[in-house]
Every structure is written in structure tokens, then in C-alpha cells.
Amino acid sequence: MRYLPLTEADRRVMLAKIGVPSIDSLYADVPSKALLKAPIADLPDHQGEIEVERQMQAFANQNLGTASCPSFLGAGAYRHHVPATVDYLIQRGEFLTSYTPYQPEVTQGTLQYLFEFQTQVALLTGMDVANASMYDGATSTCEAVQMANRITRRKKAVVSGGLHPHYHEVIATLAKFTGFEIVSPQPAPQGGEDLMAMVDKDTSCIVVQYPDVFGQVRDYTKLAEAAHAAGALLIVAVTEIVSLGLLTPPGDMGADIVTAEGQSLGNPLGFGGPYVGLFATRDKYLRQMPGRLAGQTVDAEGRRGWVLTLSTREQHIRREKATSNICTNSGLCALAFTIHLSLLGEAGLRQLAELNHAAASRLADRLSAIDGVDLQTPQFFNEFTLKLSKPAAKVVEELAQRRILGGVPVSRLWPGRPELENLLLVAATETVTDDDMAALETALKEVLR
Amino acid sequence: MTTPSMPQAGATLSGNKALQIEEPLIFEQDAAGRTAVDLPAVPQHQERLGGLKRKQAVGLPGLSEPQVVRHYTKLSQKNFAIDMNVYPLGSCTMKHNPRLNEKVARLPGIADLHPLQPVSTVQGALALIDRLAHWLKTLTNMPAVAMSPAAGAHGELCGIMTIRAALLAKGDARKRILVPESAHGTNPATAAACGYEVDPVPADDRGRVDLAAFKAKLGPDVAGTMITNPNTCGLFENDIIDIADAIHGVGGYFYCDGANFNAIVGRVRPGDLGVDAMHINLHKTFSTPHGGGGPGAGPVVLSAALAPYAPLPYVTHGPNGFDLKEQDDGGTAFGRLKGFHGQMGMFTRALSYILSHGSDGLRQASGDAVLNANYILAGLKETLTPAFSGTCMHEALFNDDFLQGTDVTTLDFAKAMIDEGYHPMTMYFPLVVHGALLMEPTETESKDGLDRYVEVVKGLAERAKAGDTAYFEGAPYHTPRRRLDETLAARQPILKWKPPVEKQAAE
Ligand SMILES: Cc1ncc(COP(=O)(O)O)c(C=O)c1O
Chain X
1 MRYLPLTEAD
11 RRVMLAKIGV
21 PSIDSLYADV
31 PSKALLKAPI
41 ADLPDHQGEI
51 EVERQMQAFA
61 NQNLGTASCP
71 SFLGAGAYRH
81 HVPATVDYLI
91 QRGEFLTSYT
101 PYQPEVTQGT
111 LQYLFEFQTQ
121 VALLTGMDVA
131 NASMYDGATS
141 TCEAVQMANR
151 ITRRKKAVVS
161 GGLHPHYHEV
171 IATLAKFTGF
181 EIVSPQPAPQ
191 GGEDLMAMVD
201 KDTSCIVVQY
211 PDVFGQVRDY
221 TKLAEAAHAA
231 GALLIVAVTE
241 IVSLGLLTPP
251 GDMGADIVTA
261 EGQSLGNPLG
271 FGGPYVGLFA
281 TRDKYLRQMP
291 GRLAGQTVDA
301 EGRRGWVLTL
311 STREQHIRRE
321 KATSNICTNS
331 GLCALAFTIH
341 LSLLGEAGLR
351 QLAELNHAAA
361 SRLADRLSAI
371 DGVDLQTPQF
381 FNEFTLKLSK
391 PAAKVVEELA
401 QRRILGGVPV
411 SRLWPGRPEL
421 ENLLLVAATE
431 TVTDDDMAAL
441 ETALKEVLR
Chain L
1 MTTPSMPQAG
11 ATLSGNKALQ
21 IEEPLIFEQD
31 AAGRTAVDLP
41 AVPQHQERLG
51 GLKRKQAVGL
61 PGLSEPQVVR
71 HYTKLSQKNF
81 AIDMNVYPLG
91 SCTMKHNPRL
101 NEKVARLPGI
111 ADLHPLQPVS
121 TVQGALALID
131 RLAHWLKTLT
141 NMPAVAMSPA
151 AGAHGELCGI
161 MTIRAALLAK
171 GDARKRILVP
181 ESAHGTNPAT
191 AAACGYEVDP
201 VPADDRGRVD
211 LAAFKAKLGP
221 DVAGTMITNP
231 NTCGLFENDI
241 IDIADAIHGV
251 GGYFYCDGAN
261 FNAIVGRVRP
271 GDLGVDAMHI
281 NLHKTFSTPH
291 GGGGPGAGPV
301 VLSAALAPYA
311 PLPYVTHGPN
321 GFDLKEQDDG
331 GTAFGRLKGF
341 HGQMGMFTRA
351 LSYILSHGSD
361 GLRQASGDAV
371 LNANYILAGL
381 KETLTPAFSG
391 TCMHEALFND
401 DFLQGTDVTT
411 LDFAKAMIDE
421 GYHPMTMYFP
431 LVVHGALLME
441 PTETESKDGL
451 DRYVEVVKGL
461 AERAKAGDTA
471 YFEGAPYHTP
481 RRRLDETLAA
491 RQPILKWKPP
501 VEKQAAE
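Protein sequence lines, in the order shown, are assigned to chains X and L.
The working numbering numbers the first residue of the first sequence as 1 and each following residue consecutively.
The working numbering numbers the first residue of the second sequence as 1 and each following residue consecutively.
One chain only, chain L, in its complex shape (with noise of 0.2 Å):
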């Protein structure tokens, strides 16, 4: 691979390239004894640790206040974020996280609470998930709403348990689910995890479930089908509700992944198209900030034939207020998923997000979310090669075939949109589509982003068809860091420091 190096003028000193700065480890700034806390002193006690006290030192580093600050801030700065730019991840929603939200969240009387405290001391706590579960409910016409799941893939495993729990209900568990071949990786993971078998199921050449291809699949073993709608290739399975009516007719369940439930809310509601069940992400839809890689909140939505089996805890509604249900005797609750009820901060964040756009404005933001992906799309056809024809939903798919015969990769080109100021699109996803790209720009890109993006995307497009092939293989150029030795990081893990052998040896 030649990597061009950057020009000599550009070297520094420092290492440092003004305002992006080099930052050491956090424990390699360490001094003995240092420490950011004034805590008080530690009065007089009797010790009753019965003889387990720590014998040596943890070995964590010492630092003051203004250092830890500097540090975080300058790793904060070595980061790509929606607050920044374009961020056109696809399949994850990436749409602006309102600050209102975060403001919320932190109230007192909100944050400070404990989960254990006496439901008599909590009710306007239990009355908030309770609005948030009206709004899921109504927006998805479901009758209930199990709240516990952490994220997308935790919703999953809820959905898959549930319909596990109401089908040995019958007597018979069942052993294969249908997962089409286009499913993110958490789909078949989450079944397998449950105890089923996948079974893989084509696409057709429209980019959605090869409708033949199901039905022949199906059989009194088939526990159900776990199906993204609208799916990952950005579309919308226009056959859904055959597909639900198939599934009900084996006496199988329709798990619905509601990845992309931001395409469509306000618009379509998952019970009218035959779901039984769908983890909603509140971290994409309802723009719970993703955190660097979370925390999240996957919510489930369950028709009235798996509502029976919704895991616990779940918040009621009597004549003394509202009641939390923990324990479940002798009920058909399936179980726990996770520790205390939820995620209570993503709850509040989301709700507030959710008020804030009212339905008036959630059927907007779906709409402009399709809008913004179609216009990425029609600006982009000429020049790219969409993966299928017509319109899309939320996100624009293109396959690799406009870099046919210039040694360009999709990861090249990702990389050289870095440089351009852009975070890359989704890549090399869904399976489905030959050295995929899959843009998602959500509604909250204005126009004119959006056609300074599709002018950086066509320019280097033309670059690459030009033969350049070199300058995308040595993107990007501009970054931190170069690109990253993935190979040696797999075969010779280093996943913690390790104090320098002379210290070690000194010691």
C-alpha cells in the first residue's frame, strides 16, 4: 500500500498539529499520592472487614483536577459527533440530540432516585414511564409495552423470549426462526442466544424478503420471523402483511427489529401490518444520545396474543396510584432481563423528546427524515450506483459497482470522506449488497448540508473513476491518526497498559 506521507512543512516539534494535541495515558501522567478529591477525613470506626482489607495497591495513577480535565477534553477533540457535521451512519439514526433532553434527565427528584425506594415515594417516576408507554403504544397501535430492555439487542432477546414463553405456553417451543439474510448480526445472535436455529432467508432482487422463498420455509417447527421494517436496505417490505398473515398461519410469532421505526412514525403503526412484537430504540428513534456506543433503551411493543408473557417488572395502575409488579406469582411473566426497571434516564430524555415534537411534529420528522434520504438519493444516482430502483425510506443504498476496475474499495472511499469533514456512511451493510454504503441522514440535516454533501460525495466519486486510487489508500490524511494497523491489534492484543518494565523492575 503507498501512503503519501504529508509534507515536510507540516512536521512539528511537538508532534502536535495546533489544535489537535497528542495526549499520553491517563497513567502515564501519574505522581504519587495526587489525587482530584478533597474528601474529609475518615473519622474514628471500628473495622469490620474480617481481615479481607486490600493488601496492595490498586495501581491507578494520580492526577489534579485541571489534568483530568485537559485530558478528557483533548481525547474529546480526537472525536467525530452529530454536534459536528453530517454523520450519515446508516441503521443508526444518527439525528440531533436536543439538549433540552439531557437537562431533564438530571433533574432532582428524577436522577437522585433510588429503584428500591417505596413506591408510595416514587410516583411521578412511575407516572413518566407510564406516559412514555402511552405515546409507544399509540404510535405503534400495540396494546402493550414491556420497558426493561437496554437496548435494541437486549429488545430482541425480549421479543424472542417472549415469544419462546407463549409458545411453550402451547406445549411446544418450536426450533427455527426465519431471519432474512439482509438482518443486522444481532438478529440471528439474539435467536441463537434463545435456543433457536436460524434459518436464512434470500432476498429478492427489490431488496426485500423473497416472499416464495419464505413461504417455503415455514413449517409447524418455525417459532417465528424476526424481520426488519423498513428494511436495512432502506425499503419498505411492501409485502409485510402477507408475510404476517404467512407466519400466523404455522402458528409462528412476527418479530418486527424496529431499527428503523424514525422512518415511519406518525405514519405506519407495526400492529396494523399483523407484528406481535418490536424493540423501539429510543437511542435512534426518539434521539437518546448514543454515547459513544451507548447506554440505549430498547423498549418492546407486544400484540394481545404475547402481552400475557411481557417480562417483569412492569408499572400498573390501581385505586392507591401506581404500582410496580416485581415479583409475579404463579403468572405467566416469562422473567428478568435486567437489574431494577429500566432505563429510567433514557425514558426521561426520550419523553421529553417526544413532547417536544408532539404527533404533529413526529409525523414531520419522519417524513423530512424520507425526504432528506431521497434527495441524497436522487443527487447521488448519476454519479454512484443505488443498489436498487425507485424511492427509498430513511436511508440511501448504493452498492460498489461505480468503482468497478479503479481498485477504489468502499473502505477507501469511507476514509476519504473523513478527510472531507464527513463521518463515512454505513459500510459493507446489509450482507445483502455487494460492498454496500448506506447513508441515513435523518431530518435533522438542513438543505444545504445536504448539498454540500452530495457535492463532496460526486467530487470524489469523479476522483476515483479518474484513477487517483493511490490517494484513497492512503486516506485520510488529516485525522489524528492515520489509518489504523487492525491486523496487529487482532494478533497481538494489547487491551490494558502495562506499567514500562524499568518501573516495574524498580518497584
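Bound-form chain X, shown alone (with noise of 0.2 Å):
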């Protein structure tokens, strides 16, 4: 077996040395009736490299790939061009192979591009601090919840329908099983909900999406002050981590928390994972945030250098007292991050964002000329809301057996309400070329007539 080093010459001489006679003998405080006697019978043996390739291969013929067909599809989850440096630096086995920063003499490595990784996402959320990584968006702001009900000691937290379904679900599962409610308004392209009607003074936090779920871009400066003449934090979601390259970062609307996705930068859809949450905030949360945080110091000689820090407030140290039981977290999606965003620095973010904006823009311009379709997101960054004439997930199907992945049904998201059923969600990021927008538009026409 290529992974294994011993021979069964090592292993004989090995158990000599340890004085018993076979391997199966050091599993003696295994209750005998549970110990196996043979390998598993009705599992396959080993394979080869050509074998084990060909068996993953088989998998992935079976699917159609974003890569390999125009492709629309956001939703949380975005399909952006990542630079060849990217993936080949990730692989560096120094990086690949390295475990969590805990001895900072041989990890500095690590400790520098997280460090350097927090000052750029606390630069482009427009916060004082960010930490080391999250699992995802929706965990992350589930973090971001009960760190508003830690700080505020309140217990209830107002959730804009404008939210990512998956992120508003993570947070409810928590809510159920910890005691804090959950108030929320139904979910809708045109937005108008009065989130300041359901905030009362148990209230901990408000939590929105920027740009919201339906793509549309909103303004949250009045209602951080609101929330904060009411004593709640403001908590931002951001699924698609590109646009603040465009927007008004939250952090300058007042925002006291923002959670991110950062899929988007450096890192390939991959079904949904492993993605990378951001998590930001100001100063004086500082010791009531969730996750590891890398911060600079001094060796002994001196010299600038870089540890993991605070840490105080984790679960090795604290335990059940802990802000949060994370331990392993994303950091090599992370590095994949960070080095996307070097590579693009502020011109190239600055473009890619523009790029995205005008694909989208161009492509809504297109698609709701189409009869049967319009447009219910007149503010959006690079993904929209339609309204169709037919129900969007049929729609969908439809376009799928053309090989062109149109667009995210709404009914997708929240299924079962027929107000929801004929809105369809669509992305174009700078990978959409003009024809990819040409071929979704034929076949759209073709599909609603």
C-alpha cells in the first residue's frame, strides 16, 4: 500500500521491541466481542492511482459543470475566474500540510498571510477588526447573533426576509435549541419591510444581506441608528464579497458586526464548500468576538513577528465559557483568499467589481425586454430578481436540458409559496461572456412562449 512506510520486516522487528506478538494483541482493552478479526468484508480492497482516478472520474462525467456551459447561478455562491497563482501557491505543502498555528516559531508563515488576511477584510468591510475565518457566510452570522445577545444580554433577534434563506435557517436552528426568538418579515423582491416595527427592548441585534438576497442593493445608515437608539446591534451579511470592490462598505453605514462569504475571492464553487465565513467588527467587541485572531508581537531578539492571540476567549482556554466551540476553521479557503486579493490589489478589485456590475447590468437590460419577464430589483450589484410568466424552477429545468444553468428559482430557496414561484435569481459575474448572455436569452424566449 503506497501510503503506508513499514514493511513486515519493520513490523516484526518493531513488536519485538515492544514485546507483544502481533498488532491485533495492543488492541487487548477492546471488549473482545467488539474487536474485528478481519478487514470488513463487504467493502472493495485497494486500488491504484489509475483505478481510484478513473472511479472519481466516473463521478464527475455525471454532472454538468458551471465551467463547461453559460452559467447564471448565484445565490450565496458565485463562479468568479481565479488567477493560476492562486491555486498553485495554495499547494505548496509548507501551506497545504501545515496544522492549526499553535508553535508561532515554525508556523510564521501562516501567522504573517492571516494577519494580512484579517487588514484586508477589515479594509474592504470598512470595520476595526476582523478574525482568522469562519466555516461560511451562514455560520458566521449565526456567530455574529450570539454575540449581539452576549454583549446586549438580550435575547431576540429581528431578521430581515431579505436574508439568505440558509443563513436565516442556521440562525433559527440555534435559536430553537439555545432559547433567543427569532422575529422575522416574509421574504420579498421589493423589500419594505419595517424592521424597526419588530425591534422592542429585548431585542439584540438586527440582521440584514448586502446586497440582499433578491440582489438588491440597500442603504442601512438610518436603520444602524436606529437600532442603536433602541441598544441593538446592526449585523450585515454579505454573501458575494466582490461587491464591496463597488459599494459603501457596511462598516461605514454603522454596522457593529459584518459576516461575509468569502467564496467569491480565490476559491471554486465545489458544490458548496469548504467556503470561507468573514467575520468583522469594532474595537470594543474585541473580546467577545468568535475565532482565532493572529497578532503581531516581538521575539526575543526583538524581531516583528506573529502569534495566534487573545485567545482567552476559545474553547482550548475557556471551555464551556468560550465565545464560540470553533476550533478548526477554513484556513487554507482563507490563504486562497488573501492571495486572490494581493494579486488583484486595489486596481484590480476596483475593475473586477465594475465588471461584474456591468455584466449584470447588461444582461438585465437584455432579459427584461424579453415579453413574460421583469425585472424586480431595479438597485443590484451582479445578481437580479425576474419575475417570470411561468413558474421559474420548471424554467429552469427547462434551460438545464439546453445546457444552460439560468438562473436560481426562488421556489429553490423557500419553497411552497406561490408568491415566490415565478421569480427567478440571476448572476453574471466576469466569466459571462456576450454569447453565454446571447444563448440564456434565445433559450429564455424560447422557454416562456
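In case anyone wonders, no lab produced these hints; they're calculated from the structure.
Straight-line alpha carbon distances no greater than 20 Å define the calculated SDA-like cross-link-like pairs of lysine to any residue that follow:
#1 X:K156 with X:E225
#2 L:K498 with X:D252
#3 X:K284 with L:K498
#4 X:K176 with X:N149
#5 X:K321 with L:D199
#6 L:K137 with X:P39
#7 X:K176 with L:E326
#8 X:K156 with L:G195
#9 L:K103 with X:Q57
#10 L:K103 with X:Q62
#11 X:K284 with L:W497
#12 X:K37 with L:T138
#13 L:K137 with X:L36
#14 L:K217 with L:D172
#15 X:K33 with L:D242
#16 L:K447 with X:M1
#17 L:K175 with X:F177
#18 X:K321 with L:L431
#19 L:K217 with L:A246
#20 X:K445 with X:C69
#21 X:K33 with L:I241
#22 L:K74 with X:T85
#23 X:K155 with L:G195
#24 X:K394 with L:V119
#25 X:K33 with L:N238
#26 L:K447 with X:L15
#27 L:K137 with X:L35
#28 L:K103 with X:G93
#29 X:K284 with L:I494
#30 L:K103 with L:G358
#31 L:K53 with X:D219
#32 X:K17 with L:V454
#33 X:K17 with L:F388
Using the hints, put the two standalone chains together into the complex.
Listed below in C-alpha cells is the structure:
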């Protein structure tokens, strides 16, 4: 077996040194009725690279990849071009096969990129401080609600109907088990929800998404002021981080915590994971933050260096009193994110964001000109909602039969709601070509006819 | 603290030391307007940003591609990695990460799938998840598995929520969870996060759960217990079946922390021990890379009693092929744990690893992992002080008695190992052993490599006993940075780069 260095001869010598007759005898503490005497029979035995690769390829062959057809899917996961450099660098073994940097003298590389990552996230979101990553945007947002509950000592979250339903459900799941309350208006692309009407003296936070799940871009400045006046925090979740290259950051609107999905930079769609949750807040809330933090310090010779710090918030020190139970986070995805952003730089990010907006705006023009198609979201970044003359799920299925991934039907996110049934979420990134747009336009006309 | 300095002959003008090259922050290499991407011109379009266009620059630095490549290459060279040498970090299972797994995870048709494509276009992806699920269920003899948890701690959350949901369905969530004092910090943190009171259970003098103390704490308000098996002392809980029976006897559930599953794969099936839920760290047992702290994946296998409460989403199999259940109208699923469907990239890697090893290879791997740990234990037991007598499972645990009277601490000892080219073992964990040194070699170390490792650790122990305390206190000497001041970092937190004051003033 190619991954096992021990030879039979090695094993014999080693067993003799230990003073036992066999490997099996090292399992003497296992209750004998639970100890298997031979390999599990109804599973296949070992195979070489050729066979394994062939089987994995067979799985891949049964799918329609977004790179092989016109694709307009978003709703919290976006296909972007990732420069070749990113994937090369993250596969360097010194990054890939290293553990959490608990021993700073031999992990200065990881610690320095985490420090740079934290700086980039704080800059993008317009916040004071960011952590070294969470699992994904949804869990990050859930942690933010818990943090707001701790800070305000209140137990009710007002959640916008424009928040991605997966994010909403993750928060609701925790709420159900720990006894905090969630109130929420119905989802609607037009918005118009009055969140402040739901805020009372028990409200710890208001959670909104920017741009919202329908793609609409909204100003939350007044909401932040009103929330603060009521003693609540404003949490802003961003599912498309590239948008902040072109949009006013939530920090400038008065957000107290900004959470985000960082997949768009550096990370493939990968059928939904692993992704990277971003988490940023104000300095005054630093000690209530979840997750790891890399910080600057000096070494014994006075040189600048990096360590994990403020770990008295974390589970390995604080145990049941920790701010979160998170341990392993999304280190390598954070590395991909930070490398991609380093490649882009200020100018590149701005241009990338503009290309996204231009693609979406042009596509919205083309599609909303079709009979039976209405644009529902007049202000957006790279994703918008259309109202079709037919149920969107059926339309998407028919488009897929023409090898076009035409968008995400809103009914996939909220099934069983007649008022949302005809809504289609369409995203366009820099990867979408004019030909792709023309293909979707033509096919949508046919399908709606 | 005395810190012997390097001999003057080592000093260089640049501060570099041959292959160790100093590297400033990415922000300190900025030139305005420079970029490492050449993007097309932005076409004509109607701006629809609703007056929310960004007014100020983000503040990101501009670099070219060669600069970026050098930056991260130099950073990478300041890291220790499994690819370099023995990485005996106990409880973390730092085994070889096969590159075939990386290759298949990047296949078009897998890496470029969107999670919300029509299920008719992702049948292969769902089949892949289903195949991995089949292996996990078979290896554990458990009837169900929740695939979506993102790491071990997230799996714990999944398991405890499942237990809470099952109890709530009977009308009583109960109050307490029994957690051994030797448990990893995530266990009590998870129980607390789910609204439970953590009731600690002491270890006995054999490093196992104190069965009498455990039984004494049982009662009708106990929701369950979280027990790591093999445990964090590297030992098999030989009373495990009694423990399971006892917790079931009061109507509670048995959560097993499966972080140490690597010791028993293909030899012991947790389902045969009375386990109700157990997470499997794919990033430990099934070789998906740790990546400097993640990502991981923590699928949770479930007993028949808990299976109905498993979270969304899950894969089902019907007449038209595979389907993905994302909603549960009136069902018993306890809810949702993360966005989308789980760590697909990790599933792909883990399945590739599992198919490579196969049933026979997985059993050999766990056996070799245990053999390697015992070989280290046998090699070091005269010089170091084993925490418990007898053989161990996949990791060897020592206390710091062998350092008594030397003024050398476990931490100092670990730092000296760094200079010898080894990553330190896990230190001061589990908490039940004084100055713990926990060594987990895994099955992917060779005998020669372990022989050299044992010689070095023995040599260091002898040096410590000989009274060379100052040497240990100053270690490490040969790393890109010497010992770092963690107190300063915590007292005056600097958590992001800020432009130097002169530059700010000039702007
Ligand atoms: C015994 C034990 N339990 C739980 C965990 C948490 O796993 P993860 O880091 O994947 O969240 C670890 C990991 O370090 C562990 O060693």
C-alpha cells in the first residue's frame, strides 16, 4: 500500500521491541465481542491511482459543470475566474500540510498571511478588526447573532426577509435549542419591510443582507442609527464579497458586525464547500469575538513576528465559557482569498467589481426586454431578480436541458410559496461572455413562449 | 530568562539567513495602480448601484504577479509541514496527505459545480456523497450519517443538537451533559452552546473515565455524555459498553468524539459499542489536509434512535436517481447547520483516500498507527515518564515527571525539538496529566524516521536532566523567529496593519 512505509520486516522488529506478538494484541483493551478479526468483508480492497482516478472521474462525468456551459447561478455562491497563481501557491506543502499555528516559531508563514487576511477583511468591510475565518458565511452570521446576544444581554434577533434563507435557518436552528427568539418579515424582492417595528427592548440585533438575497442594494445607515437608539446592534451579512470593491462598505453605514461569505475570492464553487466565513467588528467588541486572531508581537531578539492571540476567548482555554466552540476553521480557503486579493490589489478589485456590475446590468437589460419577464430589483451589483410568466423551477429545468444553467429559482430557497414561485435569481460575473448572454436570452424566449 | 545569542559570525547585512529570507507585509510592498491581473476593459452599461457606489479606496496594496509569488513562497518557507518531517502532534492525526486527492478534488465536473444547480445536473456529485456516506456507515456500523458539519466541533454541535431534538420530541430536553475532564475544549464548549450544563467527570488512575464517579452523576436530568474513544490519553475506554448501557439506562444518549477514530478503523465499529452519535474528522482520519487550520469536515454517524432527527440537507435515492432533501415539511429533521450541503471538496478527497486504501488498507493503516505509537512509547519509556502503564492506542502520552528538578518545562522541551527539525508534540493536553506531552506519529512514518526521532527526544531528555536549563529556556535558536512574546501580543493587541503615521499625514 503506497501510503504505508512499514514493511513486514519492520513490523516484526517493532513488535519485538514492544514485547507483543502481533498488532492485534495491542487492542487488548477493546471488549472482545466488539473487536473485528478481519477486514470488513463487504467493502472493496485497496486500489492504485489509476483505478481510483477513473472512478472519481466517472462521478465527475455525470455532472454538468458551470465551466462547461453558460452559467448564471448565484444566491450565495459565485463563479469567478481564479488566477492560476492562487491554486499553485495554496498547494505548496508548507501551507497545505501544516496544522493550526499554535507553535509560532515554525508557523510564521501561516500567521503572517492570517494577519494580512484580517487586515484585508477589515479594510473591505470598513470595520476595525476581523478574525482569521469561520466555516462559511452562514455560520459566521449565526456566531454574530450569538455575540450580539452576549453583548446586549438580550435574546431576540430581528432578521430581514432579505437574508439568505440558509443563513436564516442556521440562526433559527440555534435559536430553537438555546431559547432565543427570532422575528422576521416575509421575504419579498421589493423590500419595504419595517424592521424597526419589530424591535423592542429585548432585541439584541437586526440582521440584514447587503446586497440582499434578491440582489437589491439598500442603504442601512438609518437602520443602524435606529437600531443603536434602541440599544440593538446591526449585523450586515454579505454573500458576494466582490461587491465591496464597488459598494460603500457596511462599516461606513454604521454596522456593528459584518459577516460575509468569502468564497468569491480564490475559492471554487465546489458544490457548496469548503468556503470561508468572514467576521469583522468594532474594536470595542473585540473580546466578545469568536474565532482565532493572529496578532503582531516581537521575538526574543526584538524582531517583529506573529502569534495567535487573545485565546482566552477560545474553547481550548475557556472550555464551556468560550465565545464559540469553533476550532478548525477555513485556513486554506482564507489563504486562497488573501492571495487572490493580493493579486488584484486596489486597482484590480475595482475593475473586477465593475466588470461584474457591467455584466449584470447588460444582462438585465437584455432579459427584461423579453415578453413575460420583469426586473424586480432596480438596484443591484451582479445579481438581480426577474419575475417570469411561468414557474421559475420549470424554466430552469428546461434551460438545463439546453445546457444552460439559467439561474436559481427562488422556490429552491423558499419552496411552497405561490407569491415567489415565478421569481428567478440571475447572476452575471466577469466569467460570463456576450455569447453566454445571447444563449440565455434566446433560450429563455423559447422556454417562455 | 537568559537567551544565549547567536554567534556573531552568523549575522548578515540583510537579516536574511541563506534560505531564510525576511519578508515584509504585503501592504509594505504597495505601488499605487499596480496589479497582478490583466482584466478586460469595462463595457458600456447603465449603472444601477442606487447611489451606494464606494467613495473611498479600500486601501489594498498593488503588486505584480512575480512579487505575489515570491511573497507567499517566502512565507511558506517559514512553516513546518507534514511534507517535511515527523509531525507528532497528538490528537491531530498529522498523516501524509496524498496528492491524488488534491487532483481529483479539482476535476471539472466536481470543482465547478454550483450548489444550487438543478439536481438533474449533479447526479454524479450526489452519488459521490452517497458513496462516502456508505463507507462511513459501514466502517462504524451505524445506520445513518449527517454529512453537512464543517469540522469536528461543528459535528459535535450536530450531535448534541440531534440528541436535544430527540429528547425534546419526548417532551424533555434535560439539563446536564457529562463530559470527562480529559475532554478536548470543544466538547464542553459545544454542550454549553446547545444550552446544556457541563458536568465534569474525573479520570481514574488508569487514564480512563472513572466509572463509579460517572454512574454517581447519572440521573433523569442527564441528556447524555460526550466521551472521546480512544480517549485523549491515547487509551481505549475499556468500560465503554458499560458506560453506554449506563447512560441509556437513564434515557440519555452517548455522543462519541471520534477525533481518534484513526486508531480503530476497520477493527472496532463504534456502533458495536453503543454509540448514538459520533463525528468523524475527515481532516484527521481520512487524510484531507489540515491547511494551516482548516478547512475540515465532520460528518456525524447516527444510531437508529437519533437518525430521524438528522439535520438538512441530506441525499435520498428514488426512482429518478438521487435527490437532495433541503426542506422538511413537518418532518423531524432538527434544522440546518451551514449554508448549502457540506464540505464537498473534503468529501472528494476523503473518498479518494478511502478507495485507495480499501477495506484491507484501512485496517492495516490503523494497525500501523497503533504500532508506531507503541514503538515510540517503548523507545522512550525509560527516559521519559509515561503517564500510564501498559500499551497505548495511536498516541503515546507522557507527563513531565522526567523533568522534575531540572527547571525545564514541557514548553521549553518542545521548543528544543523544533531546533532538531521536529514539530513539537501536543503539550499540556489532556489537562488531567501534569505537563502532558502527547505524541501521535500516525501510520505514515517509517521505522527509520521514528528511530531517529526517538534518539533525538532521548538525547534532549538527557540534556535536560544534565542541567542544561539555559539551553532549553532559550530554544529555539534556528527558526525564522526565536520565542515570541505572547503576553505583549495579548496586552496590546495589534490585529491588522496600519499605514505608518507619516504616510497617513501626507494623504
Ligand atoms: C479530541 C478532539 N475533539 C475535537 C476536536 C475538534 O475538531 P475540529 O478542530 O475539527 O473542530 C479536536 C481537534 O483538535 C480533538 O483533538
